[in-house]
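J.: The chain contents come next:
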Amino acid sequence: MPQIPLEHILLLSAVLFSLGILAVITKRHAVVVLMGIELIFNAANLNLVAFSRHDPQLLQGQMFSLFVIVIAAAEAAVALAIVLRVYQHFKTANLSEIATQD
Amino acid sequence: MLFYIFAILAIVSGAYMVLTRNLLYAGFSLLIVLLSIAGIYVLLFADFIAVTQLMVYVGGVLVLILFGIMLSSRVHDKSVLSENVNTVWGTLIAGLIVVGLSYSILKANISSLPWLQTTELNVLGDQKSTVQTIGIKLMTDFVLPFEIASLLLLIALMGAAYIATDKQKV
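These protein sequences, in sequence, are chains A and B.
In terms of my numbering, the first sequence has 6 at position 6, counting the first letter as 1, and numbering is strictly consecutive.
In terms of my numbering, the second sequence has 24 at position 24, counting the first letter as 1, and numbering is strictly consecutive.
Calculated directly from the structure, the hints in this document are not laboratory data.
Source: prediction; values computed, not measured.
Do not take every clue at face value.
To be verified - Below 16 Å or equal to it, Euclidean Cα-Cα: the simulated EDC-like pairs (lysine to aspartate or glutamate) are: (1) A/K91 x B/D166; (2) B/K137 x B/E147; (3) B/K107 x A/D55; (4) B/K137 x A/D55; (5) B/K128 x A/E7; (6) B/K137 x B/E83.
Claimed, not checked - Which stretches of chain A does chain B cover? Using the computed rule of at least three CB atoms under 8 Å from a CB of chain B, they are: (7) 40-51; (8) 83-93.
We treat Cβ as the ideally placed atom computed from N, Cα and C, and that holds for glycine.
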């Protein structure tokens, strides 16, 4: 099986990262902003796993990406709980409307 | 070849997630992105990470996000839409980031790094999967981060349950 070139994986990761940034900047619904953050986490993880392919005895990149996944799961749970509380309080999940309300 | 199919699938559904205004379509295109990234993990000889990605992201985080969409939107709306702002600046910044990253990746000539050249061969060694290595690593070198991660998950679980509770009804 031919090796996948490392540059192609890094380019895919760069595109996914910028798509996540685009979602975070342009979207105004809090849940879609969280989805963009998940996309950024996945792009970072892809880089770690790609470099870990060259480290088969230690697998440090894969260990690191495992902890990234764990922390991303914890972050998603807490952030969605906060979004729910904000929605119950302000009756909207739109970030611009929340920012202008008292 | 399979990698490029997964890569195109991930980029196209990632772009659709950004472009669409429907929240549920965005959630399900995020599902396709996560699934294709799990496929790429398998192609990169990271089988345990791929299974973890499937279980944690597709099985956990995505269901949580869909619950978040359902609970944070008005029920009488016909379709759940999100508003777009800062499209010019957002496109400019994201475009600059992707151009800058691609330029530096292509300029850096990563494949000719010495430690990558020496370890290119014999990708998985004599073993068939990475599960045994990861298990041994978790119990020896990474035991302190492992325990801290378990504590963090417990704290996040308690905090999320406490924050999401409606205090007026209880």
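J.: Are there hints from earlier that the structure breaks, and if so, what are their numbers?
T.: 3, 5, 6
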